[in-house]
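Number of protein chains: 2
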Amino acid sequence: MTRQRRAVESALAQAEGFCSAQDLHAQLRDAGERVGLATVYAQLRQLTEQGRVDVVRSDAGEALYRQCGEGEHHHHLRCRQCGHVDELHAPAVETWAQEIGVSSGYTALSHSLEVTGLCPNCA
Amino acid sequence: MTRQRRAVESALAQAEGFCSAQDLHAQLRDAGERVGLATVYAQLRQLTEQGRVDVVRSDAGEALYRQCGEGEHHHHLRCRQCGHVDELHAPAVETWAQEIGVSSGYTALSHSLEVTGLCPNCA
DNA sequence: TTTCTAAATTGTAACCGTTCTCATTATGGG
DNA sequence: CCCATAATGAGAACGGTTACAATTTAGAAA
Ligand SMILES: [Mn+2]
Ligand SMILES: [Mn+2]
Ligand SMILES: [Zn+2]
Ligand SMILES: [Zn+2]
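For the protein sequence lines, the chains are A and B, in the order given. No gaps in the numbering here: position 111 of the first sequence is 111 in my numbering, and each next residue is one more. Residues are numbered in my numbering as their position in the second sequence, beginning at 1, plus a constant of 1000.
By construction, these hints were calculated from the structure, which means they are not laboratory data. Where a beta carbon is used, it is the ideal one built from N, C-alpha and C, also for glycine. Check the hints yourself; a few may be wrong.
In silico contact screen, one side only, chain B against chain A (beta carbon under 10 Å); selected entries [said to hold, decoys possible]:
# : residue
1 : Thr-1002
2 : Arg-1057
3 : Cys-1068
4 : Val-1102
5 : Leu-1109
6 : Glu-1114
7 : Gly-1117
8 : Leu-1118
Assemble the whole structure, with the sequences as input and the hints as a guide.
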């Protein structure tokens, strides 16, 4: 448990929606914390492996990270304009995805689902 | 309608699953067609704008393209091992995604959904 | 057919996010 | 404290993508 690790976790904690590794790095720099970009990436990889953060790919292909409430599986409702994210739970979709895969003979199933739109503020 | 345009479309047509821009470029080169990589990207951008191809992001962040049967909206069941892709139609998910967005005050809704697993051949 | 112009093509360089390298630094158990 | 071990981080390398400008081409007009 290093100073840098704490710094990255705290930066993630106070971030509103999803943000990129470089966003976090800049945020830390602005806050006076000196943390290497490589370290930010390393911490994010670890946190991701531990299931402590969600990762999504932006349309531009950039990885975006967000501290994740629970370790449990869920999906996102994201505003294309401001990046605001709500978490969704969708039991019906979970079972649908599972069944459709099984019925095609697939195993080791998983799935990803994201709903996007314009939030009330941005509409 | 140039020779290169025809070549890219034909390469896409005879590709089985999704493939990257660089895959297509290599495939064309092997087939004796001389087409610049920049042109392949340009054609794929156009085809995407026209809705003639699907684009998905690999976990590595690479863009993968596939000629799309219909212009209609659909989703994918993809094998993580061999890349094989089946197209899915899921009316129940469509309405669910729409309703969940509306109920949070969102507009201009869209969504993406992909189911992944190991296909019978790869299991 | 020949001419002409706007559009397409393409090699190359730049771009950008990410990963790698490895010398340096820090951690924490004994 | 000491030291083995792990983390850090500046910079280079990497890989996919895009920008650019020079060249070529398509296709319409003469
Ligand atoms: Mn989440
Ligand atoms: Mn498709
Ligand atoms: Zn918004
Ligand atoms: Zn397979």
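Hints, one by one, checked against the model:
The beta carbon of B:Thr-1002 is not positioned within 10 Å of any beta carbon in chain A (closest approach about 28 Å), and the interface hint is therefore violated. Annotation: B:Arg-1057 was flagged as interfacial toward chain A, and the flag holds, the nearest CB pair being 5 Å apart, inside 10 Å. Checking B:Cys-1068 against chain A by beta carbon gives a least distance of about 18 Å; that is not within 10 Å, so the hint is violated. The interface hint given for B:Val-1102 holds, since its Cβ lies 9 Å from the closest Cβ of chain A, which is under the 10 Å cut-off.
The beta carbon of B:Leu-1109 comes within 4 Å of a beta carbon in chain A, closer than 10 Å, and the hint placing it at the interface holds. At a threshold of 10 Å, the smallest CB-CB gap from B:Glu-1114 to chain A is about 5 Å, leaving the interface hint in force. Checking B:Gly-1117 against chain A: minimum C-beta separation of about 4 Å stays under 10 Å; hint holds. Hint on B:Leu-1118 holds. Least Cβ distance to chain A is approximately 5 Å, under the 10 Å limit.
In this structure, the hints that do not hold are numbers 1 and 3, in rising order.
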